[in-house]
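Protein chains: 2
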Amino acid sequence: MCVFYAGKHDRPPIVFAIKRIEVTEKLITPTVVSDSYEVSITVDCAVFGFHEGVLKVLLVKRSIAPYKDHWLLPGGIMEKDQTLEEAVNQVLYHLTGMSDIHQEQVKIYSKVDRHPAKRVVTVCFYALVKPENHPVIAKNHISEVAWFPINEPLPSLAFDHATLFSDAHETLKQNLKRRLLFGELLADAFTLKELQDLYESILNEQLDRRNFRKKMMQLDLLEATGEKKIGVRGGPELYRIKKQSRS
Amino acid sequence: MCVFYAGKHDRPPIVFAIKRIEVTEKLITPTVVSDSYEVSITVDCAVFGFHEGVLKVLLVKRSIAPYKDHWLLPGGIMEKDQTLEEAVNQVLYHLTGMSDIHQEQVKIYSKVDRHPAKRVVTVCFYALVKPENHPVIAKNHISEVAWFPINEPLPSLAFDHATLFSDAHETLKQNLKRRLLFGELLADAFTLKELQDLYESILNEQLDRRNFRKKMMQLDLLEATGEKKIGVRGGPELYRIKKQSRS
DNA sequence: GCAAAAGTGTTCGGGGTACACCCATGG
DNA sequence: CCATGGGTGTACCCCGAACACTTTTGC
Numbered sequence: 001m002c003v004f005y006a007g008k009h010d011r012p013p014i015v016f017a018i019k020r021i022e023v024t025e026k027l028i029t030p031t032v033v034s035d036s037y038e039v040s041i042t043v044d045c046a047v048f049g050f051h052e053g054v055l056k057v058l059l060v061k062r063s064i065a066p067y068k069d070h071w072l073l074p075g076g077i078m079e080k081d082q083t084l085e086e087a088v089n090q091v092l093y094h095l096t097g098m099s100d101i102h103q104e105q106v107k108i109y110s111k112v113d114r115h116p117a118k119r120v121v122t123v124c125f126y127a128l129v130k131p132e133n134h135p136v137i138a139k140n141h142i143s144e145v146a147w148f149p150i151n152e153p154l155p156s157l158a159f160d161h162a163t164l165f166s167d168a169h170e171t172l173k174q175n176l177k178r179r180l181l182f183g184e185l186l187a188d189a190f191t192l193k194e195l196q197d198l199y200e201s202i203l204n205e206q207l208d209r210r211n212f213r214k215k216m217m218q219l220d221l222l223e224a225t226g227e228k229k230i231g232v233r234g235g236p237e238l239y240r241i242k243k244q245s246r247s
Numbered sequence: 001m002c003v004f005y006a007g008k009h010d011r012p013p014i015v016f017a018i019k020r021i022e023v024t025e026k027l028i029t030p031t032v033v034s035d036s037y038e039v040s041i042t043v044d045c046a047v048f049g050f051h052e053g054v055l056k057v058l059l060v061k062r063s064i065a066p067y068k069d070h071w072l073l074p075g076g077i078m079e080k081d082q083t084l085e086e087a088v089n090q091v092l093y094h095l096t097g098m099s100d101i102h103q104e105q106v107k108i109y110s111k112v113d114r115h116p117a118k119r120v121v122t123v124c125f126y127a128l129v130k131p132e133n134h135p136v137i138a139k140n141h142i143s144e145v146a147w148f149p150i151n152e153p154l155p156s157l158a159f160d161h162a163t164l165f166s167d168a169h170e171t172l173k174q175n176l177k178r179r180l181l182f183g184e185l186l187a188d189a190f191t192l193k194e195l196q197d198l199y200e201s202i203l204n205e206q207l208d209r210r211n212f213r214k215k216m217m218q219l220d221l222l223e224a225t226g227e228k229k230i231g232v233r234g235g236p237e238l239y240r241i242k243k244q245s246r247s
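Chains P and L, in that order, are what the protein sequence lines are. The numbers in the UniProt record's numbering rise by one with no breaks, and the one at position 215 of the first sequence is 215. The numbers in the UniProt record's numbering rise by one with no breaks, and the one at position 159 of the second sequence is 159.
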């Protein structure tokens, strides 16, 4: 039997009946004692970029065992005095030379045998980079860096990174449908066509041009720059994201 | 300058131009070395229960400093050879005596100064328990356990648990709207009214009875048991969740 | 028998989808 | 001048919201 506490919290809760079950020493309370178990935490990041109308993901190739010469998502270890977000920023900075990149948590992976050598818990993020930022190659343990179109088969990825990538892409799709605008993948000024191509790449489906324009306009997050994109037929208007709408 | 890789992956990626930026030793590649930084990971869990038509959350009161006599979400430390989900299961088992409780990841919190004594990274979950399961009190570092209605002000919570709770509730709401059925908070057989009360508690808004019934029926996840709930006027039909629909 | 709750159908509006023509620009 | 792409409006359909009366049962 137990008594439920139904009143306001300024009255003390009603006494709670006790049903006896063995309780181990270390559980229930998040009291942290000095000898508590510790693990390394890594961050892995699916970096999406948009180039030539195609959504791509940035992969790196390992030059050491295990999984030598396998592709995988770039990642790094969370350091002392650093949050996970700061760790991701550091990884992104060293890959792209850019800071202030939009990033989102995807999920955390804690299977005991994820890494063959040592227990590692990994937090997956995704990040969106603008195409004008040029990625650089990293020097240690990485032999290559390349962009891969996501709507074509990717190479097989090391560890469980295929799952991580798939989850990251799914999270990106869901966030896009919940009406987050993703100007972060485009230059500051862009045409509606470019934005639509981006949406189609992320969602991997075709959208109607007029309906897309209508929807974007009634979201009221874009404003015309007054300039037109030159060098392209039809003379499309360039838009930018309204300042107060930036995420 | 960089070359984008546009082809199929059975051809090797095009050579990647290098832009030189200083790269620290430990980043980019998730290679784990033996001296890499390690940290304790805790799981905290917002345990939701549904009782007398009201959605409640299970809180525990700390009996030790810091935050002595403050309420907080139950939690525990992830142990060696244990996943985060197993750690949550262990916490839930010791709180409620039940296993196989539905749980979902909410978010991970890694601010460096979250815990005043020691760096701790925490993963927040939520769990849904059936009302017929009786929670028990835990013995060490906990003086009380009680259910609190979530649509009334909660006591102030220790650490950053107010944020954790708020995020967990928001995630639960979102998951409910994405059409997950939450029979886990109800007995095996329940009336539509009870299910609607549950929805209203979670979403904290009133729903139209007829529209709710219509929506549930066309989701085609429920089946009538053929029995009626006795002791209540109107003689409502009892429903159960179809077997193949269980999450 | 009467109060309380269960059960049932229709209407309306908004948003999403499908669809065709004219206009502007580059080559 | 012509080919390519940009820009616009309308009809239909589905889903969700609003809404009232009859039937069943407990007391």
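These aren't lab readings, by the way, just hints derived from the structure by calculation. Keep in mind the model is a prediction, meaning the values are calculated, not measured. Each hint should be verified, as a subset may be incorrect.
As the list makes no split between identical chains, a pair holds if one copy fits it or if it spans any two.
[To be verified] Straight-line C-alpha distance at most 30 Å; calculated DSS-like pairs for lysine-lysine:
no., residue 1, residue 2
1, 80, 173
2, 80, 228
3, 130, 214
4, 80, 215
5, 111, 130
Each hint tested on the structure:
no., hint, verdict
1, 80 <-> 173, "neither (33 Å within a copy, 35 Å between copies)"
2, 80 <-> 228, "neither (49 Å within a copy, 60 Å between copies)"
3, 130 <-> 214, "within (25 Å within a copy, 46 Å between copies)"
4, 80 <-> 215, "neither (45 Å within a copy, 50 Å between copies)"
5, 111 <-> 130, "between (33 Å within a copy, 28 Å between copies)"
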